[in-house]
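Student: Sequences are here, hints too, so could you generate the full structure?
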Amino acid sequence: MTRKTIWSDLQKLRETAPLVHNITNFVVMNTTANALLAIGASPVMAHAPEEVEAMVGIASSLVINIGTLSRDWIQAMELAMRAAAKKGIPIIFDPVGAGATAYRTETCLNLLRKTAPSVIRGNASEIMALVDSRIQTRGVDSSAAASTAESAAEALCHAYGCVVVVSGETDLVTDGAEKKYVRNGHAMMPKVTGLGCTATALVGAFAAINRDMLAAATHAMAVMGICGEIAAETSAGPASLQVNLIDCFFNLNGEQISRYLR
Amino acid sequence: MTRKTIWSDLQKLRETAPLVHNITNFVVMNTTANALLAIGASPVMAHAPEEVEAMVGIASSLVINIGTLSRDWIQAMELAMRAAAKKGIPIIFDPVGAGATAYRTETCLNLLRKTAPSVIRGNASEIMALVDSRIQTRGVDSSAAASTAESAAEALCHAYGCVVVVSGETDLVTDGAEKKYVRNGHAMMPKVTGLGCTATALVGAFAAINRDMLAAATHAMAVMGICGEIAAETSAGPASLQVNLIDCFFNLNGEQISRYLR
Amino acid sequence: MTRKTIWSDLQKLRETAPLVHNITNFVVMNTTANALLAIGASPVMAHAPEEVEAMVGIASSLVINIGTLSRDWIQAMELAMRAAAKKGIPIIFDPVGAGATAYRTETCLNLLRKTAPSVIRGNASEIMALVDSRIQTRGVDSSAAASTAESAAEALCHAYGCVVVVSGETDLVTDGAEKKYVRNGHAMMPKVTGLGCTATALVGAFAAINRDMLAAATHAMAVMGICGEIAAETSAGPASLQVNLIDCFFNLNGEQISRYLR
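Residue numbers (our numbering), protein chains in the order written: chain A, 1 to 262; chain B, 263 to 524; chain C, 525 to 786.
Among the hints, a few may not be true.
Stretch by stretch, here's where chain C covers chain A in the computed footprint (C-beta under 8 Å, at least three residues) [said to hold, decoys possible]:
id : region
1  : 58-69
2  : 94-106
3  : 212-225
4  : 237-248
Pairs of lysine to aspartate or glutamate residues, derived as DMTMM-like cross-links and limited to a Cα-Cα distance of at most 25 Å, are as follows [claimed, not checked]:
id : chain 1 : residue 1 : chain 2 : residue 2
5  : B       : Lys453    : A       : Glu15
6  : B       : Lys274    : B       : Glu491
7  : C       : Lys610    : C       : Glu577
8  : C       : Lys715    : B       : Glu277
9  : A       : Lys114    : A       : Glu78
10 : C       : Lys638    : B       : Glu312
11 : A       : Lys114    : C       : Glu574
12 : A       : Lys4      : A       : Asp132
13 : A       : Lys180    : A       : Glu78
14 : C       : Lys704    : C       : Glu693
15 : B       : Lys453    : A       : Glu229
16 : A       : Lys191    : C       : Glu678
17 : A       : Lys179    : A       : Glu169
18 : C       : Lys703    : C       : Glu678
19 : C       : Lys715    : B       : Glu517
20 : A       : Lys191    : C       : Glu753
21 : B       : Lys349    : B       : Glu315
22 : A       : Lys87     : A       : Asp212
23 : C       : Lys715    : B       : Glu491
24 : B       : Lys376    : A       : Glu50
25 : B       : Lys266    : B       : Glu312
26 : B       : Lys453    : A       : Glu255
27 : B       : Lys441    : B       : Asp474
28 : C       : Lys715    : B       : Glu495
29 : B       : Lys453    : A       : Glu233
30 : C       : Lys715    : C       : Glu678
31 : A       : Lys191    : C       : Glu757
32 : B       : Lys442    : B       : Glu416
33 : C       : Lys611    : C       : Glu539
34 : A       : Lys180    : A       : Glu229
35 : A       : Lys191    : C       : Glu779
36 : B       : Lys274    : B       : Glu517
37 : A       : Lys87     : A       : Asp175
Listed next, the stretches of chain B that the computed footprint assigns to chain A, with coverage defined by at least 3 CB atoms under 8 Å from CB atoms of chain A [unchecked claim]:
id : region
38 : 315-324
39 : 408-421
Derived from the structure by calculation, the hints contain no laboratory data. Here a beta-carbon is modelled for each residue, glycine too, at the ideal position from N, C-alpha and C.
Tutor: Below you can see the structure in the form of structure tokens.
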């Protein structure tokens, strides 16, 4: 990952405005759509089983997030993932709260077994819960360091042939062979709800224009962390951080990427 | 449309705080409710088939927005629209993403055929998709100029006996005979998710206190555009634009309307 | 209620970050989660009947809010409330829009009859509607003073053995015997959608770490009102008030509590 490749991907994203189809949770729908618009993508939210395949048909990537799952939504996720795999567009999967309830963990595993994703992004607990069902996590937060999930991440890469992102103070991005670390970010970010979901959506945006999933995911996480740092400089608390972060996605330039990337 | 009529409608809205019943999408529920409160209306969101008719019974207008539609919600929309027509309150219809999937287009046409609305507001692609099912749009965005949908807008007016608003850089508002143009607005507005939905909700607010639908819709679009311009002056990006826009709805006065209206 | 007890509860909240399980409405999910995170709690939203009991199993309190209710959600609320009562964690109930439709009022009464809550928080109309079904309220807003619902609040306390909070310019908090009044707050707060729901969620956070429900509810309402006043000082309108309020939850310190508490 170099400053140049992040910047050229971001430019491509803004020029082509790829359609990113999201089946995501109620908590973050608004902020996800705004984050995708600000970074340069074109978001669409659609979850009716009757239309998800058609929507995948005009999309450049698919983001699946189980944050507020229920029966009908799972059916839509399954249909959309199958359609995306058939069409050959990237599928980004966010196992929100895996390990918190058996229902979440099992839903994830059922979906993943039916259609392998291109990228899975979660926090350390969620990633570990997908590998070892004895892991019990606490709600949707995680304080565990990403490094604790390194071997679980590798196991997931091998099981599904996908890239795995483990979010934390330092993010880990791996395809099971190579490992990338993203050291940008700010301590106030976990105090904003759904920034993990935003990261997943950004991976969806970058994956739509760069079919090297390891690079796309790393670029997305770097942009997320860099903008979080820049936004935090002028934020009095988590709500203004949320506002400034999205403004920063919109304004991010090559000079900032060069200056902030660690 | 004069500065005076916009201002007197806005004053009436703030004095009477009409109840606007919204059946809308998950992405914009919060911002729609906040926009309606800020402009002076009293919003309520209710979608259970068991209660929508009763809620229409205490409402002054009904806003239907299919942005994240599914089976149960469509049933509720149908019941609410029928109840609103029977009661004689305005129905404002937003065909979000019509043309993106056949499911969206057909759902719109089914709802419209069963109960004619008072106003339809969409972007050019959505309005054209309601007239010509061969139109394929891309997600929920539209870059097409409102003018490209002039004849489609007129056709819709005649088909349903309603007013049609086509949003764009210049908004078109027509009842099939007269045409009004609203030239206010700002280039950053399409970078905020759901501002089209907000415009639709504002039409619902103005329609609740002014039964001349052509005037009500034009006033709402003017207020939307004026506040967008004022908000953009102090906004670093789309997220602060969203915040400033709602603050501006709350503070908008007659002097600003006079100064900004084009 | 003294400055000291509010501050010590707030410190305990931030140190322990209790998991607050919310089954709430679509309008406020994002702001509720952000408010809970900012004040120091750990929010989770989960509504699938298949998982709510398991989620209650790891939670420290349960918040039920019927703002955008429908059949499946009611079933989940019932299951979650029963599990919470069995586990012995506090249940906070928000009857949004009770009295606006019979469906809302009856749903509330059915849920309450099956499982008594620890705290009910509503505006005056909602509280009265739970006692006298002839009360017809207007949407989800209320302009009635909290004092008009004093006897209704007491009746609810006795019926369910719970604490009742009636929000208004002055908030009333009572267990049917003792009465506490919270005089903090700001006139612009009702112009922000869902701040009542935020208050309910804060009660859930304080109830998770202080099992004296009268104290917990009073502390939460005081924090809500104090932060509303502080936030309003620098807010141009309701959207910036929402942002500043959450920032203020995050930054609130003992000195501010002492200075602002009335």
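Student: It remains to establish, for every hint, whether it holds in the given structure.
Tutor: Do the hints match the structure? See the list:
no.	hint	verdict
1	58-69	holds (count 3)
2	94-106	holds (count 6)
3	212-225	violated (count 0)
4	237-248	holds (count 6)
5	B:Lys453 / A:Glu15	holds, 14 Å
6	B:Lys274 / B:Glu491	holds, 23 Å
7	C:Lys610 / C:Glu577	holds, 10 Å
8	C:Lys715 / B:Glu277	holds, 14 Å
9	A:Lys114 / A:Glu78	holds, 8 Å
10	C:Lys638 / B:Glu312	holds, 21 Å
11	A:Lys114 / C:Glu574	holds, 21 Å
12	A:Lys4 / A:Asp132	violated, 38 Å
13	A:Lys180 / A:Glu78	violated, 30 Å
14	C:Lys704 / C:Glu693	holds, 14 Å
15	B:Lys453 / A:Glu229	holds, 22 Å
16	A:Lys191 / C:Glu678	violated, 37 Å
17	A:Lys179 / A:Glu169	holds, 16 Å
18	C:Lys703 / C:Glu678	holds, 10 Å
19	C:Lys715 / B:Glu517	holds, 23 Å
20	A:Lys191 / C:Glu753	holds, 22 Å
21	B:Lys349 / B:Glu315	holds, 10 Å
22	A:Lys87 / A:Asp212	holds, 17 Å
23	C:Lys715 / B:Glu491	holds, 22 Å
24	B:Lys376 / A:Glu50	holds, 21 Å
25	B:Lys266 / B:Glu312	violated, 42 Å
26	B:Lys453 / A:Glu255	holds, 23 Å
27	B:Lys441 / B:Asp474	holds, 14 Å
28	C:Lys715 / B:Glu495	holds, 23 Å
29	B:Lys453 / A:Glu233	holds, 23 Å
30	C:Lys715 / C:Glu678	violated, 28 Å
31	A:Lys191 / C:Glu757	holds, 23 Å
32	B:Lys442 / B:Glu416	holds, 12 Å
33	C:Lys611 / C:Glu539	holds, 23 Å
34	A:Lys180 / A:Glu229	holds, 19 Å
35	A:Lys191 / C:Glu779	holds, 23 Å
36	B:Lys274 / B:Glu517	holds, 17 Å
37	A:Lys87 / A:Asp175	holds, 22 Å
38	315-324	violated (count 0)
39	408-421	violated (count 0)
Consistency note: the structure conflicts with the earlier hints numbered 3, 12, 13, 16, 25, 30, 38 and 39.
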